[in-house]
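Novice: One letter stands for each residue in the lines below.
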Amino acid sequence: MVTVSSIINNYSNKPVSSGVSVFSNTKGQSSSNVSFQAEAQPLTNTKPKEDVLLKNDVFSKIKLNMDKALDIPIVHIPRGMGGAPDYTFFEFLQTAKVPYYLGGPILAALFNAGVKMDSIKSGNAAKMVAKHMALGVGFYYLGAIAAKSIIDNTVRIARGVDLNQPYAKVIPTSTKDTGMFKKDFELHKATESIDFTRWDLFYNKEGKTPEEINEKYAKFAKKYGIKDDANDIDASVKPLIKKTIVMARAWQYALTAFFVTLGIGLANQPVWEKVSHEGFRNTVKNGIFGKNLDIKSRLNSAKIAVYDYMIKPFGKSFSELWKGHSKASSIAGKSIILSTAAATLLAISLIVGKTSARSHKIDNSGTNKIGGGKQ
Amino acid sequence: MADLLSTIPVYKPQNSAAAGNTGLQSLPTASVSNPFPGVQTYTYVPARPLSPARTTPKGVRPQKVSGTLVKENIFQAAGSTVKSYADYAKYFYDAGFKGEGTDYSVGKINDLGIRAGSLGIAAALAASKQFPLAKGMEFVGLATWFASMAIWPHILGAPIKAKTGVDINQQYIDSYGRRKYVYEDNQYRPMDLFRHVDLDGTPLSDKEYYQKYKDDYVYLDAIGDKLGVPRDIKNRHEAIMNKMGQVAVQGKTLWMLTAGIMTPVLSSIVADAAQGPLRNAIEKHRFDKQSKNMDVLENSLDKLVDINAPFDRRNIQTNIDEIMKELNITIPEQTVKEFKSLLLRDCDVSSADFDVLKKYAQENFAGTEFGQKLKAALDSAVKEGETIRLPKEKMADVLSALESPSMKNTPYDIKGQLEYLLNRSKHLSKAEFDKLQKFFDNEYYGSGLKDVFDNIVRNEVKFTEPNVTLSDSLRDGLRKTSVDAVKDAVANMKAEFAATLPDEIKNFAGLTNEDWKNIISKSRNNNKQELDMISTNSLKNIVKRELSQKIASVKNLDEDAVDMISKYLDKHIDKYIETQRHYIIPHERLTELFKFAETNKSVMDKVAQYEKASVMNIAESITANNWNKLPQKYLKALNFTKEEIAQLGALDTSFSKQVLSRKFEEIAADPQKYEKVLSQMSVLAQEAIEKEEKAILRLTGTADKPGVLSKIKDLMQSVGGKVFKDSDGISDMYRVRIFDAQNKFRNTVDSFVRPMKILDTFKNLDQYVKNILGGSEEAFNSLVKNDPANYHMFEGLKYEDALKSLKEYIKDIALDKNDINDWTTKFEHNVPGSKRGMKYSLPMVKNIANIVNGEFDKSSADIIKNAVNSAKKSGEDFVVKCNANNQIMKSRYLSLEYKLAKDFFKNNCYMRDYTPLAGLIDDILAKGKKEKLPVLEEVLNEVKTELSLEDISIFKRIIGKIKGTIEPSQHPSLNEIQRIKENANMFTSNKSIAEMSGKGVTEFFKDAAQSVRSRNKWTKLVYGLLVGTVAFSTIVIATTGRKNYFNKDIYEKKDA
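For the protein sequence lines, the chains are L and S, in the order given.
Taking our numbering, I'd label the letters of the first sequence as residues 1 to 375.
Taking our numbering, I'd label the letters of the second sequence as residues 1 to 1056.
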């Protein structure tokens, strides 16, 4: 049984790149007098001519994601509806985001339509239910994001590997048939595939010495605790990185289960009934963006909007979930919180522990020490 | 060229010839001669592969080259899905704990994760719900969500397959045994999968295949034909595969575009459809379960209450332990512990007494149970100042051992001494006693047991003074208190006066040891009696007396000063003694009360569970489910159109009333319609009421056959009376419970029958109104002229207008004002066209009360009877039930009538309660209207909790006489009948009318209309989305596989 959300999360279920393109770019070593350059580049308006890593800072990320999102309706869907011959699996995955993000809100809307809103009393009760529902949908997505980001950050901090490292994948098939919907490149992630990880992109193609070429791998190796004199630094660290990707992805999926449950559990707490939606909107609209206000009161309103309307009730919802309103709900609440915390700790400790070079045998004869090799 | 290449530093530099000296000969090294000696070269030793546990090959076997198409039906598919979850769990273990996995296996973990997460969500939501249906629906919602998610691609796939032959959900098993989708990646066109496949899609072995076909790709060719790929082109199979790719991409894009809408929509529809059956199933399950519990309870009660004996000669069990045993009640250990800890305090003894106890434990009682317990208590004693404290936890055992039968033969003086010392543990301080009292108040709140407890306190709790000879600390406390008192008094005197006080006062030292000796010696003689007496003031008085004598004996002390000091001494010592006062509580009594209270609680908990499943106003009870369904069914029976429902549900009640009034008039005017509507409503009402009645009768029973609650009441009342000499509070509590249950039932019947009665009222309204107003213009005019007391409100109105006005007035009362909000004022509203209301005209009020709340008209009663009969239920019974309820409600409801009666008959009593029983008895006995007998019986049941047992017995004999079932010798006397007529009142004032009066008719229909409207809103949205999406999908599917912008379908003809 394939499901929409499984497809979207099975981002790497299938090698995205067809075998041809893997390592296809290693051929592009340019002449030796090109000086060393930063390998990750910002995505500019000029189209890349070959597969290239892209910068992954906040602004680039926003731009990338916007580009990717925009491509769904204007490129992928028309091409899919027409059944373009060069339609890729990547495009399918992009399209699968539509039901993932549409399903929850529509379910909430349907639920909302079914409750009795006519009288003030039932209307209020219904509003509360609808509020929990809407929050629940929001917190579901937030929970999924949190699970992913915890692992991403663990791996980034502990091992220096950015699991979201984007790269532009140049599509060679701008066939004459695709015309106005043609695409020149797709925005992939370097580590999206376990079987076909884009190792080639991490080499510095302009580098002249092994140190320069392997510079990135050397950095990874250091993070993994591989000694400088390890044989064949890149080959030593690659299996560890692969292991990291496998574990990280497995735990991201597993933690998602815990975090979405936690999210729904929190959204379902009575504290949110007391948080007024109108009040929040007014604070933002008239307090932060209102006319003729000095900066101090704007800041104060912003503080209220963030602290009183978000952080405080969020914290309170934790304690309400923990306490519960009945024996069953208190047990459920406690076990949700505790199991989420335990699973998170287990995930982090396993990933950090098992990917360390110390738990593997790495050959280091000393002969390979970068810069110290024999003549 | 090769040389050139080797000069370029690549990422894996070649090893130099010198590598052989590194001592790593075991590793394979390659050597390349260096043609450019001036350029730096690098040593390269390859890394050893990490030890990936699973990559070790186990036996080499040839792999199958290609995959196989999967052909299975939907059930098989579901089976393989479930089976694969076990694999996925293993994938997770390998990936999450060992770091081993592939894109495929890790991807599958997500499937598992999503399901686990969704189950977690459903469980979390279910735990937060309080009711089983709500809990269940969370899981139903989850199941339908996944089911629709899984089924939608198949729904889309079917027409696509029918049209093009391409199954977008086609799976295959690859050479590793992994299950994958054929069209998952559009760039991957596995043509081999379609080789040697039968025309129905079943993969065949080569042998089988060649027996049937010659060409290798018959299945593919067939699909090609369906897709319209010409037969005579070059590379047709590739062309077909490409076309199939097109269809698959189109189909899957359509799936992705529609899944976000269809998953929630289908899920909503299915869950909505499942809700009804699930609700019924849960309702039945809960009620059956609770009914069984009631069976068990009732069975035990019957044994305890001796149900078969005559009412006044019952032998009721009053031994609480026996009752608990029979009812199978065990008090939770925690509660027992809590209670016991409240009954005792730590036992303080002097060191001398401690030695005495020690001696007893080691010598006299060594080896006995008491000795052991006492030893344990002494062992855990704590020294507190001069006294030694034995912890109360141990004292409970010691005390119970002391009272055990084996201690019976203990010599009197020893036992006396032991009791004297050890029973101190039973003396509670004020704070401790307050705690005990609070325990009873809180734990058994509303159980009617507070009175019993208070009674026991009043009559059986003793207060004790601390024993003077025993406690040094008390002596010291009193001394300090008296010193403080004198200091306080001096401080409150004028400074110049205080300065003149004698030194004895200024340095007052309280009672000296001499003084105490004096007191004690006196107490041995004169005061002994006074000290022995357990009266609250003895010690206090003695001490106060001694002190005042001491003060008075001070020389040169002003009399005013003596007075003032004495006052202060009084105040301080009173206060101090109060803190030292002890309560001697009757242990056994309170333990008994505790058991009784727990029994009571446990039994009532069982009843409450039953009520929750049946008649309580709580979600998912039978009542709640009735209320969920019935009003909407009534709307349907009354044939309301969509527009009318919209108007009815509008916020303005007067508007709703108009719509309703129009509808009722329309139906009442058409006899056929009337019969149809009333019949439908009767069947619906009967069904709903029957369910609830069954549940209620179980609790309240009838006058002849007491229900569970009545039996519990009898039992508890007897225990309360016999054991605790007080049963008022308890029986009141149960009476209220029975009232509540009855009221609940009245409410249900009133709510559901009233719309029917109003329909009946509307039908005969013309006739009623004419009758009231005289029937003709002349008669009307003369009534207004000659009987102004009753017809003053029509003064100045023409006959026609008066008819209209009165009709409007009655309609208004029937639809809107006959409501708990208006029940005291409804006749105060003015008649339309007049400035006056009807409240000063008793006959008029009575007329209208009869029209609105009276019995059904004969023809309507017949319709109801027939309709219910044809539904295979007793129509007769139902009509009686309706009429009796209407009568009762009329009596309970029309308080104003009695107020009027007072004015009208110039009777001095303020509230003359309505006596329908008296009227009924008269009707039956004097006027011979035997058909009213069933109503009389019903009304008797209504008042059975208000009548004495004797009255009930008279009542039953009256009924027996009418029915002819009793001997003439047992017939009631005239006096008795008179007595009943006087006693069998229905009190309007002591019944909770608000509870028993049903919903106002307008409100009833308005709420129903609102529910329908919100449901319509939902239906509109859900089905709108469904239809829209299906239409969109249909259009897209119709164009699937056609030539288009992306697929030009240009083929090259095969060479001839």
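Think of the hints as simulated: they come from the structure by calculation, not from any bench.
Among the clues, some could well be false.
Derived lysine-lysine pairs resembling DSSO-like cross-links, with alpha carbons at most 27 Å apart [stated by the list, open to error]:
1. L:Lys183 <-> S:Lys284
2. S:Lys161 <-> L:Lys323
3. S:Lys929 <-> L:Lys312
4. L:Lys68 <-> L:Lys55
5. S:Lys544 <-> L:Lys127
6. L:Lys189 <-> S:Lys289
7. L:Lys97 <-> S:Lys642
8. L:Lys327 <-> S:Lys1017
9. L:Lys354 <-> S:Lys90
10. S:Lys129 <-> L:Lys131
11. S:Lys1043 <-> L:Lys323
12. L:Lys131 <-> S:Lys846
13. S:Lys540 <-> L:Lys238
14. L:Lys354 <-> S:Lys98
15. L:Lys327 <-> S:Lys544
16. L:Lys327 <-> S:Lys601
17. S:Lys606 <-> L:Lys327
18. S:Lys226 <-> S:Lys340
19. L:Lys127 <-> S:Lys642
20. S:Lys289 <-> L:Lys327
21. S:Lys180 <-> L:Lys127
22. S:Lys340 <-> L:Lys334
23. S:Lys135 <-> S:Lys606
24. L:Lys97 <-> S:Lys161
25. S:Lys284 <-> L:Lys327
26. L:Lys205 <-> L:Lys49
27. S:Lys606 <-> L:Lys127
28. L:Lys327 <-> S:Lys180
29. S:Lys487 <-> S:Lys438
Listed next, the stretches of chain S that the computed footprint assigns to chain L, with coverage defined by at least 3 CB atoms under 8 Å from CB atoms of chain L [stated by the list, open to error]:
30. 606–618
31. 722–729
Using N, Cα and C, we set each Cβ at its ideal position, and we do this for glycine too.
Novice: Could you grab the alpha-carbon distance between Lys180 (chain S) and Lys127 (chain L) and see if it respects the 27 Å cut-off?
Specialist: violated, 44 Å
Novice: Run the distance test for Lys284 (chain S) versus Lys327 (chain L): straight-line Cα separation, threshold 27 Å.
Specialist: Given pair Lys284 (chain S), Lys327 (chain L) holds - Cα atoms ~25 Å apart, limit 27 Å.
Novice: Verify the coverage statement for the region 722–729 of chain S against chain L, using a C-beta to C-beta distance below 8 Å and requiring 3 or more qualifying residues.
Specialist: violated (count 0)
Novice: Taking only the CA atoms, is the gap from Lys354 (chain L) to Lys90 (chain S) under or equal to 27 Å?
Specialist: Holds. Lys354 (chain L) to Lys90 (chain S) sits at ~18 Å (cutoff 27 Å).
Novice: For the pair supplied as a hint, Lys340 (chain S) and Lys334 (chain L), confirm whether the alpha-carbon distance does not exceed 27 Å.
Specialist: Given pair Lys340 (chain S), Lys334 (chain L) is violated - Cα atoms ~32 Å apart, limit 27 Å.
Novice: For the pair we were handed, Lys606 (chain S) and Lys327 (chain L), check the Cα-Cα distance against 27 Å.
Specialist: Holds: Lys606 (chain S) and Lys327 (chain L) sit about 19 Å apart, inside 27 Å.
Novice: Please work out if Lys97 (chain L) and Lys161 (chain S) have their alpha carbons no farther apart than 27 Å.
Specialist: holds, 25 Å
Novice: Given the hint that Lys97 (chain L) pairs with Lys642 (chain S), does the C-alpha gap stay at or below 27 Å?
Specialist: Violated - the C-alpha atoms of Lys642 (chain S) and Lys97 (chain L) are around 39 Å apart, more than 27 Å.
Novice: Lys606 (chain S) and Lys127 (chain L) were given as a pair; does the straight-line alpha-carbon distance stay at or below 27 Å?
Specialist: Not OK: Lys606 (chain S) and Lys127 (chain L) at ~35 Å, beyond 27 Å, violated.
Novice: If you draw a straight line from the CA of Lys327 (chain L) to the CA of Lys180 (chain S), is it 27 Å or shorter?
Specialist: violated, 45 Å
Novice: Hey, Lys129 (chain S) versus Lys131 (chain L), does the alpha-carbon distance stay inside 27 Å?
Specialist: holds, 16 Å
Novice: Is the hinted pair Lys327 (chain L) and Lys1017 (chain S) satisfied, with a Cα-Cα distance of at most 27 Å?
Specialist: violated, 37 Å
When the structure is compared with the earlier hints, violations turn up for hints 1, 2, 3, 5, 6, 7, 8, 11, 12, 13, 15, 18, 21, 22, 27, 28, 29, 30 and 31 and for no others.
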